[in-house]
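A.B. asks: Taken in order, the sequence shown gives residues 4 to 146; the numbers are from our numbering.
These are computed hints drawn from the structure, not numbers from a lab.
Some clues are possibly wrong.
No more than 30 Å apart at the CA atoms, straight line, and that leaves these computed lysine-lysine pairs for BS3-like [said to hold, decoys possible]:
1) Lys58 x Lys35
2) Lys107 x Lys37
3) Lys136 x Lys116
4) Lys35 x Lys136
5) Lys136 x Lys107
6) Lys58 x Lys102
7) Lys37 x Lys58
8) Lys116 x Lys102
9) Lys116 x Lys58
10) Lys136 x Lys58
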Amino acid sequence: MALFQLIYMSSMVTDQPEILPDILEAAVRNNKRKNITGMMLYADGNVMQVLEGEKGEVLETYQAIQADPRHTGIFVLIEQEIASRQFASWSMGFSQLTKADLEKFPAAAHIFKAHQDEISLRGRAGEALIVLKSFADGSMSII
Numbered sequence: 004m005a006l007f008q009l010i011y012m013s014s015m016v017t018d019q020p021e022i023l024p025d026i027l028e029a030a031v032r033n034n035k036r037k038n039i040t041g042m043m044l045y046a047d048g049n050v051m052q053v054l055e056g057e058k059g060e061v062l063e064t065y066q067a068i069q070a071d072p073r074h075t076g077i078f079v080l081i082e083q084e085i086a087s088r089q090f091a092s093w094s095m096g097f098s099q100l101t102k103a104d105l106e107k108f109p110a111a112a113h114i115f116k117a118h119q120d121e122i123s124l125r126g127r128a129g130e131a132l133i134v135l136k137s138f139a140d141g142s143m144s145i146i
């Protein structure tokens with residue numbers, strides 16, 4: 004079975020991070036059931052998330068996220084087949100980036116300030132994966 008990876012960004016309809024625990028709880032529950040792994044980063048009202056697993060399950064999950072009224076401005080950074088999971092330890096890892104995190108890691112700040120209509124964003128899709136992996140493994144020094 005080929006594995007599939009999808010990375011998307013969205014903005015939360017509300018800038019209140021108090022809704023994140025509900026989103027994360029549902030993500031962990033649903034992802035375990037569907038054998039999906041991933042990581043979510045949150046900064047200044049924006050979300051970057053990677054989902055990996057069987058293609059049909061990942062796309063079904065992404066469609067549910069698109070239909071979630073708490074998200075707006077959703078767009079895909081990366082859709083690709085992968086040889087192995089890069090976030091295998093996480094049914095849904097999470098990190099809420101602080102202002103200090105964004106100052107320390109300009110690649111993360113740069114991605115979180117981008118919008119779908121920026122043509123150059125497509126060139127930074129690989130950067131998004133590096134940022135997610137850095138926060139997932141705690142190294143953060145590779146950025």
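A.B. asks: Next step is simple, just say for each hint if it's right about the structure.
C.D. replies: Status of the hints after comparison with the structure:
1. Distance check on the hinted pair: lysine 58 and lysine 35 sit about 15 Å apart at the alpha-carbon level, within 30 Å; holds.
2. This hinted pair does not check out: lysine 107 and lysine 37 have alpha carbons roughly 35 Å apart, beyond 30 Å.
3. As the CA atoms of lysine 136 and lysine 116 are separated by approximately 19 Å, the hinted pair is consistent with the 30 Å bound.
4. For a cut-off of 30 Å, the pair hint linking lysine 35 to lysine 136 stands: about 20 Å separates their Cα positions.
5. Simply put, lysine 136 and lysine 107 have alpha-carbon atoms about 16 Å apart, close enough for the 30 Å limit, and the pair holds.
6. For the hint pairing lysine 58 with lysine 102, the CA-to-CA distance comes to about 34 Å; that exceeds 30 Å, so the pair is violated.
7. Simply put, lysine 37 and lysine 58 have alpha-carbon atoms about 11 Å apart, close enough for the 30 Å limit, and the pair holds.
8. Between the alpha carbons of lysine 116 and lysine 102 the distance comes to roughly 13 Å, so the proposed pair stays at or under 30 Å and holds.
9. Between lysine 116 and lysine 58 the alpha-carbon distance is near 29 Å, which keeps this suggested pair within the 30 Å criterion.
10. Restraint check for lysine 136 and lysine 58: the C-alpha separation of about 20 Å stays at or below 30 Å, so the hint holds.
Checked against the numbered hints given earlier, this structure breaks hints 2 and 6; the rest are met.
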